[in-house]
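If you read the sequences in order, they're chains A and B.
Residue numbers are given in my numbering: position 129 of the first sequence equals residue 129, and the series is strictly consecutive.
Residue numbers are given in my numbering: position 152 of the second sequence equals residue 1152, and the series is strictly consecutive.
It is worth saying that the hints were derived from the structure and are not from the lab.
Beta carbons: idealized from backbone N, C-alpha and C, even for Gly.
You may find that some hints are simply not true.
Pairwise CB distance ranges (calculated) [claimed, not checked]: (1) A/I26 with B/K1415: 16 to 24 Å; (2) A/I97 with B/G1348: 27 to 35 Å; (3) B/T1270 with A/G62: 40 to 48 Å; (4) B/K1425 with A/Q24: 33 to 41 Å; (5) B/R1393 with A/G87: 29 to 37 Å; (6) A/D137 with B/G1161: 56 to 64 Å; (7) B/G1161 with A/G62: 39 to 47 Å.
Here are the simulated BS3-like pairs of lysine-lysine, each with C-alpha atoms no more than 27 Å apart in a straight line [as the list claims (entries may be wrong)]: (8) A/K12 with B/K1430; (9) A/K12 with B/K1415; (10) A/K17 with B/K1387; (11) A/K68 with B/K1387; (12) A/K12 with B/K1394; (13) B/K1047 with B/K1035; (14) B/K1415 with A/K17; (15) B/K1396 with A/K12; (16) A/K12 with B/K1379; (17) B/K1379 with A/K17; (18) A/K68 with B/K1415; (19) B/K1386 with A/K68.
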Amino acid sequence: MAKQLHIFVENKPGRLKTITESLQKIGINIRAFAIQDRGDYGLMKLIVSDPRQAHLSLADMGCACALKDVLAVSIPDRPGNLHRLLGALADGGINIIDAHGFVLQPNKQGICVIEIENLAQTNAEQVVRKAGFDVLDDDQLNNL
Amino acid sequence: MIWNEKFECMAPAELKQVQSERLKKLAAYVYKNCKVYKDKFDKATVKPDKINSIDDIKRLPFTTKVDMRDNYPYGLFCMDQKDVKEIHVSSGTTGNPTLVGYTKDDLKLWSEVMARCLACAGAEPGDTVQNAYGYGLFTGGLGVHYGGLEMGLRIIPMSSGQTQRQLKIMQDFKPKIITCTPSYALYMAEEAKDMGIDPKNGNWKIGVFGAEPWTEKMRDEIEAVWNMLATDIYGLSEIIGPGVAQECPHKKGLHLFSDVFYPEIIDPDTGESVKEGQDGELVITTLTKQAIPLIRYRTRDLVSINCEKCKCGRTSPRISKIKGRTDDMIVVRGINVFPSQIEHVILGIEGTEPHYQIIVDRQQHHLDEVEVLVEVNSKMFSDEVKKLEELRRKIKKEIETVLSIGVKVTLVEPKTIERSMGKAKRVIDKRQI
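Kindly generate the complete structure, drawing on both the sequences and the hints.
And the structure:
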């Protein structure tokens, strides 16, 4: 299963920078990121080249962070595909908590990283594959 | 007017005689009727028959808030509960609240001293008082109410809050006296302006403000904006509630009714008396209370005392405004808050560590706001915002339940709250008071 790194950050100048700085120091490559804002604080969500190493390193620094299983779905970069993916999940009764997407090569491949409610208890991966999408595992995602 | 000229203006020698007789009786009474006091006296190896003059008070042991907490609820009572006619509770440092109880005579005493206070501020029988102290377990509301009844005022029992209604009542019934916290008086002035009322033309002529510390600067502001006389009242629920001391219109200290509440000013570290005029901790002995008499109660309030006769004619000693605390208690909107209460809540929530900080600020609208910073650690960190928000709301709700005031809870990153050697700096008070 693909892993996403979640980090608690206060909403203050310079806080994100200390995270990226420490990852840079240990040679971690950030493949994608998203930031969720809650006013006083936010969650930084990262797809990185080595999630476990990154997690250990940030935890050592004293960051409040966690590795979270996510569904990384490969989507051909064409109109209607995200709609089809979301339709499949909806039909399967699967709830999305949060998601972000990025395109690797325009007109070819997009990636949608999805947090699923109670992921382990759902058949989300099956549902997605059945709808004709590829689901990336940890290594595939990290080595894009 | 002077409500009880006999006692308030009594010659010092005669007053000392009264105090001595009352203390002698009190020492025998608590020794006989309360095991906690008996044990304390025995431990200090002092028998009540050795107490013959008020000067002997120094031989008696102190009583503290810890004694009240450890003997909660009934340990310090000297009376059977069937003779207790009213109880109030206020905040304790942790866990147990502070319980106070009144017999019928205690309620009479409370009415008497509150009548003295209202008269001391300038009220006359027949005047109307708008009482905007909270009614309920907080002693402020009922204390003023009983005093108003005793001295024959017309009472409007508004309680706290409902500002627009307060202002309408002021306009409709033209009460001469307003009683509330000083910060609320300023808040109401803002609200009045917003409603198109010029507070300068307000009807209140005398304010009896207390339940929180305030400065001369605040007094000037209140007097200017409302065009009224702003006086300070002092009290604490353990002693009786409001009614321990009150300023007269000369505003040169608060007259403390020492015929019933005997004051000492001590060095908080050594417990020894300081010289008249020097700052120290106020210690009070309730000379005539029945349900829970307090012997040498450590108020933790820092004041100085002045025993000269006042221009108003009263001989009762005057204490200064409260200059600080010897513990870490803070007063927020008239409510006593101990950091330990907040710590207790935070530690009771799974996964939390006692890394927190309390920030108190007085916003532009003059009302105090409390923000509690809580460090998020990896154990309590949830990877979902929804769960973090649930945690934040849980902390907020539990703190609010314990303190009875609204707070803002902010989650902060690990290790961002300053660690200091020894005692952590738990409270940052940004108010100018």
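Consistency of the hints with the structure:
Take A/I26 and B/K1415: their Cβ atoms lie about 20 Å apart, and the range 16 to 24 Å holds. For the pair A/I97 and B/G1348, the supplied restraint of 27 to 35 Å holds, since their beta-carbon distance comes to about 28 Å. Judged by the Cβ atoms, the range 40 to 48 Å given for B/T1270 and A/G62 holds: they are separated by roughly 43 Å. Against the hinted window of 33 to 41 Å, the Cβ-Cβ separation of B/K1425 and A/Q24 comes to about 34 Å, which satisfies the hint.
Between B/R1393 and A/G87 the beta carbon distance is about 34 Å. The supplied range of 29 to 37 Å therefore holds. Distance hint check for A/D137 and B/G1161: the Cβ-Cβ separation is about 59 Å, which falls inside the suggested range of 56 to 64 Å. Taking the beta carbon of each, B/G1161 and A/G62 are about 43 Å apart, inside 39 to 47 Å as hinted. Restraint check for A/K12 and B/K1430: satisfied, since their Cα atoms lie roughly 21 Å apart, inside the 27 Å limit.
Restraint check for A/K12 and B/K1415: satisfied, since their Cα atoms lie roughly 15 Å apart, inside the 27 Å limit. Distance restraint check for A/K17 and B/K1387: the Cα-Cα separation of roughly 25 Å lies within the 27 Å cut-off, and the hinted pair is therefore satisfied. Distance restraint check for A/K68 and B/K1387: the Cα-Cα separation of roughly 14 Å lies within the 27 Å cut-off, and the hinted pair is therefore satisfied. For the hint linking A/K12 to B/K1394, the alpha-carbon distance of about 24 Å falls within 27 Å, and the restraint holds.
Among the hinted pairs, B/K1047 with B/K1035 is consistent with the structure: their alpha-carbon atoms are about 14 Å apart, no more than 27 Å. Simply put, B/K1415 and A/K17 have alpha-carbon atoms about 17 Å apart, close enough for the 27 Å limit, and the pair holds. Note on B/K1396 and A/K12: the hinted pairing holds, with a Cα-Cα distance of about 22 Å set against a maximum of 27 Å. Taking the CA atoms of A/K12 and B/K1379, the gap is about 23 Å. The hint holds against a cut of 27 Å.
Under the criterion of a C-alpha separation no larger than 27 Å, the hint pairing B/K1379 with A/K17 is consistent with the structure, at around 24 Å. For a cut-off of 27 Å, the pair hint linking A/K68 to B/K1415 stands: about 23 Å separates their Cα positions. Note on B/K1386 and A/K68: the hinted pairing holds, with a Cα-Cα distance of about 15 Å set against a maximum of 27 Å.
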